[in-house]
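Visitor: Chain order of the listed sequences is A and B. Quick note on numbering: the first sequence equals residues 0 to 97 in numbering that gives the first Met the number 0. Quick note on numbering: the second sequence equals residues 0 to 461 in numbering that gives the first Met the number 0.
Since the hints were derived computationally from the structure, they do not count as laboratory data. The beta carbon of each residue, even a glycine, is placed where N, CA and C say it ideally should be. Treat the hints with care, since some could be wrong.
Within a straight-line C-alpha distance of at most 25 angstroms, the following computed DMTMM-like cross-link-like pairs (lysine to aspartate or glutamate) qualify [as the list claims (entries may be wrong)]: (1) 88(A) <-> 363(B); (2) 232(B) <-> 55(A); (3) 88(A) <-> 429(B); (4) 333(B) <-> 92(A); (5) 27(B) <-> 57(A).
Computed beta-carbon distance windows for the label pairs [to be verified]: (6) 61(B) <-> 4(A): 29 to 35 angstroms; (7) 9(A) <-> 369(B): 18 to 24 angstroms; (8) 323(B) <-> 20(A): 38 to 44 angstroms; (9) 9(A) <-> 80(B): 37 to 43 angstroms; (10) 115(B) <-> 88(A): 36 to 42 angstroms; (11) 13(A) <-> 297(B): 55 to 61 angstroms; (12) 181(B) <-> 88(A): 48 to 54 angstroms; (13) 71(B) <-> 20(A): 31 to 37 angstroms; (14) 11(B) <-> 4(A): 18 to 24 angstroms; (15) 159(B) <-> 88(A): 44 to 50 angstroms.
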Amino acid sequence: MAELDLWSMLFVFMLATFVGFQVIQNVSRLLHTPLMSLTNAISAIAVVGAILITGEEESRAATVLGAVAVAASMTNIVSGFLITDRMLKMFREREPKR
Amino acid sequence: MSHGLIQLTYLAAAALFILSLRWLSHPKTARRGVIAGVGGMTLAIVGTLMAPEIVNYTWIAVAAAVGFVIGVPLSWVPLTAVPQRTALSHAFGGLAVGLVGTAKYIVWFQHGELTRFRIGAIVLEVILGFLTFTGSLMAAGKLQEIVPTRPITYPNQNFVNLSLLAIAVITGLYLTIEPYAAWAFPVIVVLSLIFGVLLILPIGGADMPTVISLLNSYAGLAAVAMGFAIENKLLITAGALDGSSGLILSIIMCRAMNRSFTNVLFGAFGQVQPAGTAVEAKTAKSATPQDVAELLTTADRVVVIPGYGMAVAQAQHKVRELYDQLSKRGVDVKFAIHPVAGRMPGHMNVLLAEAEIPYDALVEMDDINPDLPQTDVALVVGANDVVNPAARHDKSSPIFGMPIIDVDKCKTVIAIKRSMNPGFAGIDNELYYLDRTLMAFGDAKAVLGDVVKSLSGEAGVH
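Take these sequences, add in the hints, and give me the full structure.
Guide: In structure tokens:
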């Protein structure tokens, strides 16, 4: 294991939080529900940790727990992106007079 | 070499996640945001699968397939059920993080690789993950009305809850000193699971928008903690984006109710008030659907105020028919959206968009309030507390200070309501007794259906 890089992790956390605040504040209020389902899918990035622990096969218990975590994260990724797209498709402008 | 390649995919994934949220700033670019998000997630997964530590792909593939099978139908839920679905996926997110933390703990414990830093990060990860898991399950249960939506309280509730959390945190601190104290980790897991349930018990239905946003934030922070535990910067970035998003939404929701976080979490808002403010017998004027139709056709400007009641009655499609009928007659129809209308942020916008009402007709509270004195008719469909004038002047009212949509300033108010029962927060609404207010009693969908029928009848379409 390389030396623990706590400081650069804290820097990343700090910067990402500020970027998050800036970007999210600009999200249209119309889209707050899709925003939540999209961030839901994005936070399923936990799948990275789940895949690693499952694939390492270091211990039987850890593999099982990891596999459940992969399934749970995958559920969020798939349903999160699909439902976000489904909702966004419905937002349309006033049609020009027929 | 492969390390560099993996980090490169993670770097690109992080950039795509940021772009994804950035494109949500406008409905026109929003769908591009989903594509960016999917791209980022795909890169992250592919990058992870290249990791040299992975020796067996079978379980990963099986679990991913299971996730697909559950995830696809979960995205087909009716839009009125989106709050429940969102809460449920926060629960899945919390569960995944908690389980990975536990698994990592087991492996490091067996290999003797626990360090103070690792155990600290894992404890945070597990507490946040598991409390998000059970808390979100409770929230989903309340939204689906499997669990009673009224706040459930008992004596010394806040003291008991906070003590549980404090014990979990203190046990965690102890673990950072004695990483191999085997009894301590299960205690933390169990306490976090219980704390999640207890945290949501006293929270009423009307506070769900804030609570869902807060749980969204916790789910993100849990991913951040996992990132620290396994030293992965992509997890930290994506988790921080999610965490800040949830936090901003909760702040917006709290402001829209003029309440603080502590008040939402520990205030047990929405309890049935013990008959303190006895309401003297006041009378409200009622109107038939035909009266409503006539008033609407003679108006130049109409503002519709939708609330959770519209979602419950599934009345959004009738609202759209009414919108069409009135627009055809040259009546200017707008929708006034209160930030906390419904059960999650943006809930009303999605329902109205589903009913194919163009989004430029949906106007935020602050933008529409100045126009209301020049509005002929305000039509309240299933909203209650967000139009209660008591919020402006009655200091004894629990909702005093909450920003509201000032419908009482419109020339005429029509409120569609099932009965005179007070709304979710258990507060009487003086709006219904004003001289300019007419009440149309009945199920919102049925009443609006009759209004539309009488409008189209007038037009001779039959």
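Visitor: Give a verdict on every hint.
Guide: Hint-by-hint comparison with the structure:
no.	hint	result
1	88(A) <-> 363(B)	21 angstroms, holds
2	232(B) <-> 55(A)	20 angstroms, holds
3	88(A) <-> 429(B)	39 angstroms, violated
4	333(B) <-> 92(A)	14 angstroms, holds
5	27(B) <-> 57(A)	47 angstroms, violated
6	61(B) <-> 4(A): 29 to 35 angstroms	34 angstroms, holds
7	9(A) <-> 369(B): 18 to 24 angstroms	45 angstroms, violated
8	323(B) <-> 20(A): 38 to 44 angstroms	40 angstroms, holds
9	9(A) <-> 80(B): 37 to 43 angstroms	39 angstroms, holds
10	115(B) <-> 88(A): 36 to 42 angstroms	49 angstroms, violated
11	13(A) <-> 297(B): 55 to 61 angstroms	59 angstroms, holds
12	181(B) <-> 88(A): 48 to 54 angstroms	52 angstroms, holds
13	71(B) <-> 20(A): 31 to 37 angstroms	33 angstroms, holds
14	11(B) <-> 4(A): 18 to 24 angstroms	20 angstroms, holds
15	159(B) <-> 88(A): 44 to 50 angstroms	46 angstroms, holds
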